[in-house]
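Residue numbers (the working numbering), protein chains in the order written: chain A, 1 to 540; chain B, 1001 to 1397.
Honestly, the hints are just simulated from the structure, not real lab data. Predicted model, so just to flag it, every value in this text is computed and none were measured. For each residue, glycine too, the CB sits at the ideal point set by N, CA and C. Watch out, some of these pointers could steer you wrong.
Restricting the straight-line Cα-Cα distance to at most 30 Å, the calculated cross-link-like pairs of lysine-lysine (DSBU-like) are [unchecked claim]:
#, chain 1, residue 1, chain 2, residue 2
1, B, 1184, A, 488
2, A, 439, A, 530
3, B, 1184, A, 415
4, A, 488, B, 1137
5, A, 234, B, 1161
6, B, 1102, A, 307
7, A, 223, A, 506
8, B, 1161, A, 439
9, B, 1086, A, 234
With the Cβ distance kept under 8 Å, some of the chain A side facing chain B (calculated, not the full set) [to be verified]:
#, residue
10, 160
11, 271
12, 290
13, 293
14, 294
15, 295
16, 314
17, 320
18, 352
19, 357
20, 359
21, 361
22, 432
23, 435
24, 436
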Amino acid sequence: MAEPLQGTVIDKDATPASEKADAVSVAPPESPGSVWTRRIIILAFWAVVATLGLPHWIWTTSIYRAELPAEQMTRWSEGHACDLKYPIHVALETGSLPLDQLKAIAEKTENTLNLDNGQSLFSFQISALDDHHNATHERALTASMQQQSTSKAPSANLLSMTPTLELTHGPMDSIGTDNLVAFLVNELQQIFKDEQASITYLLRHSPFHAASKGFNLGTEATKAIEKRTTRAFKYSSTYHVTFSLFAASASPSAWDIEEALRQYIKPLLRQLSTVSDFQIDTQVQLFASFSPSIAGPQYDEATNSYKLLQSDLSGFINAAEWPLSPSIGSGPTLNMVLYIPGPGQTPLLLETGGNSWTIPQWGGVQILNPSEKQAGRLTTSDLEPVMLTFADQLISLLGVPNSPPSLAMRIASLKRERATSLILSASSTLGALNRLTRKLESIAIPPSVATSVDETISHLEQACSNLREGRYQLAFENARTAEAEAEKAFFEPSMVGQVYFPDEHKVAVYVPLLGPMAVPMIMSALKELKSFRQAKVKTS
Amino acid sequence: MAPLTSLFAFVALLFAFAIATHTSNWAVLVSTSRFWFNYRHLANVLSLYRTVKRLGIPDSQIILMLPDDMACNPRNSFPGTVFNDKSRLLDLYDDKGQGEQKGMGGIEVDYRGNEVTVENFIRLLTDRWPSSQPSSKRLMTDDRSNILIYMTGHGGNEFLKFQDAEEISSFDLADAFEQMWEKKRYHELLFMIDTCQANTMYPAFYTPNIIATGSSAKDQSSYSHHADQDVGVAVIDRWTYTNLEFLEARLNGTASDVRLGELFDYYTFDRVHSEAGVRYDLFPGGAEAARDRRILDFFGNVQGVEVDDGDAEDGSWREDLEKLKRFVEIAEAEEKRMAAKESPSEPASAQDGSIAEGRQKSGRPARDMAKGGESWLKQAVGVGSLLALGAAWVVIK
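Given these sequences and hints, build the entire structure.
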């Protein structure tokens, strides 16, 4: 349709103009039909631009930004979404007391404990253990009460492998219920005091700090907790543990590490396997030399020994030459290093005494001065003290708290702490993601991020309610999933834009592209508008 | 009210970070130019690499980006070497040492050639990688990590060119640091850049805990230090040379206590021939606190160590472990019994109930497959199909 029209326009325009160019200075009036044709053509071009070009341009240059639940994310990151509480279920069990009396003791103990710190994080729920106890919550501690015939002051002993407090007391009529309750209250407070302190410390600098107001943290306790948290690795679902034997000379060239690990380390890691997975590697390196950047051992004549200076301990690991690179796969590596000094430098001692030290968030180092018979091979019994120290370093590097003196309780306490810190970390990641997506407007947000965020929030909510119900294993697992999902959302690989384009760049790109096309279109549109207006003025 | 609360939260956060110490050191060393005439940029970066390695940062915590390989360049009249001084005493590429003293050995390059791109650099900082990215090529830092970022190449006002093909702007860099800070990926960060108009790269930064320093002011060039007539090109830039001069002379070991302020004061106009700049205002405590930081807090891998207090606990530990062992034995016996009940024919595989167990199990499918292949039916099918194929071939022929 356009072609014949155009043809007529050219014909009508061209022939009269060339013939009468000299005679008349003004072109003959166009027929209204041809004027309208021209207008329609111009309009058609503009219509193409507006209906095809513009949407296409917007479509190809816009960035997909999935809708994120900003409000919920903010609620979590500001700590309003969950009121953290830690109910501690303690069951009283006895073979000697009647159930009524036991229940009375339980009730009194609970009241006294919760009266003392009604505002605090930890609330105690004490129940007398009978046959039909409900299994909906985990029991944090079982207090097993034994009555003895001789009357003496009550005493308590915490079992190390199970969360059980063995309590012995004299006959009820001689000791009295109140005294027993007071004793029990005191014991329970002592057991959970440190954990309460460390969770308070965790929450104090977080947006969830409102929950921790009830507990007063002394400076001494703060320092101790700070030291412990500095030392411990960040939580990971997998840890690699590398045991390395570095010998300065050619011997000992072997160690019975398999057997030693089986005896001393694996039982421990098995207990910790509810928190994380562990992968163990071992290696032996001979002729390991010191790094040139440390002073090295100094001979001390008084004791006829070599002393390693305190200032050298941090540079002791020869990072350039000792093959201590991290293990393949996800998760951090805990390095356990046993160093055997060469024959010319024995005995090698630390300036400060002791023979082992811990490098925070890296691992533990030990020095063993071998005896004559240990020269060739270190047997399991030679390795026993070494492994005990490693075990000690290992649990402190994994963040297991120092108290109470029961391993089972310490691991349970670790689980509560880790659940808390994972919730905090996931919430803070949500907040970071939320702020970031608002601040960087040109960054793409793929739908997978929105899915992960939803997942994070739902798991966080579950973790929170589990926590408040006292189901700590579940809370921990949910918090772990939430944290992993939050990390996945934040570190979404496609969320890397070449973010910043200066305006000059945009001009430089668009002008050569659009300029030649836009100029005639705009000029003709203007011209036509002008003539349209003039025509209107004339006719009116 | 809301901004006030968030300000309080922010101050509290700052305080929390300020009291905490760092536990690991990372270095990101980037050269952004290739080709022979840019020899000096690679020498710059390798010099810094040598320094941080010398001061104890392990290779696993150094991310080295080298766009070209000068040692193997056909124009190099000393093949297999890179020098940063015309004395050619120190081979940065493969330090074999001199006489008695052992050298530091070779270098570990994490990103080479075409991998040195703006995108990869931003990804490295923000840790946005597909899951296949090996961990040795990632910056796995946390809120207890101090990071040294050193960049060198050709740049201009608010940008640094990457490999003649693209450029990173100071705004991109600032946003990347913001993302790192939001995700708590650094404790403190020292940003160093040696390029023309280097000081224009850091005014755009807006995240706390950064100290930034550059070699030259706006509209100033950064100059090379000297050329080696036999190598044929300039071997090092002035500002980097000044840094090295200081670090080599003053930091002899991991015990030396030298402050950042002393290093910054060493950048005089006489030495650098341009106005080196430092930005302190992002750092909590400002210039005073920043200048008082130990150089080793960024260039070395020095953390506080804790000497264990003897064997005070050993006794109780031994007891605990003994008990643990018994516990594990009981649990294992129980498991064995259960396994025996469930499948009486199969011997229990859990010999030591350890982590090795998992590996043994994972090794099993391969054997099973081999076992499955022994069945006569499968073999008959295999022979049959071979015969059929052979027949078909003969027939068609």
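Restraint satisfaction for residue 435 of chain A [CB to CB of chain B, less than 8 Å]
holds (6 Å)
Return the status of the interface hint for residue 295 of chain A: holds when the least beta-carbon distance to chain B is below 8 Å, violated otherwise.
holds (7 Å)
Agreement of hint residue 294 of chain A with chain B interface, Cβ distance less than 8 Å
holds (6 Å)
Is the straight-line distance between the alpha-carbon of residue 234 of chain A and that of residue 1161 of chain B 30 Å or less?
violated (37 Å)
Does the interface hint hold: is residue 352 of chain A within less than 8 Å of chain B, judged Cβ to Cβ?
holds (5 Å)
For the restraint on residue 293 of chain A, tell me whether the closest CB of chain B is nearer than 8 Å.
holds (4 Å)
Interface restraint verdict for residue 436 of chain A against chain B (beta-carbon cut-off 8 Å):
holds (6 Å)
Need the status of pair residue 223 of chain A, residue 506 of chain A: alpha-carbon distance at most 30 Å?
Since the Cα atoms of residue 223 of chain A and residue 506 of chain A sit roughly 55 Å apart, the hinted pair is violated (cutoff 30 Å).
Per the CB criterion, is residue 290 of chain A less than 8 Å away from chain B?
violated (11 Å)
Are the Cα positions of residue 488 of chain A and residue 1137 of chain B separated by 30 Å at most?
Answer holds: residue 488 of chain A to residue 1137 of chain B is near 18 Å, not above 30 Å.
Take a quick look at whether residue 439 of chain A and residue 530 of chain A sit within 30 Å of each other, Cα to Cα.
Not OK: residue 439 of chain A and residue 530 of chain A at ~45 Å, beyond 30 Å, violated.
Please verify whether residue 1161 of chain B and residue 439 of chain A have alpha carbons no more than 30 Å apart.
holds (26 Å)
Violated hints for the displayed structure, listed by number in ascending order: 2, 5, 7, 9 and 12.
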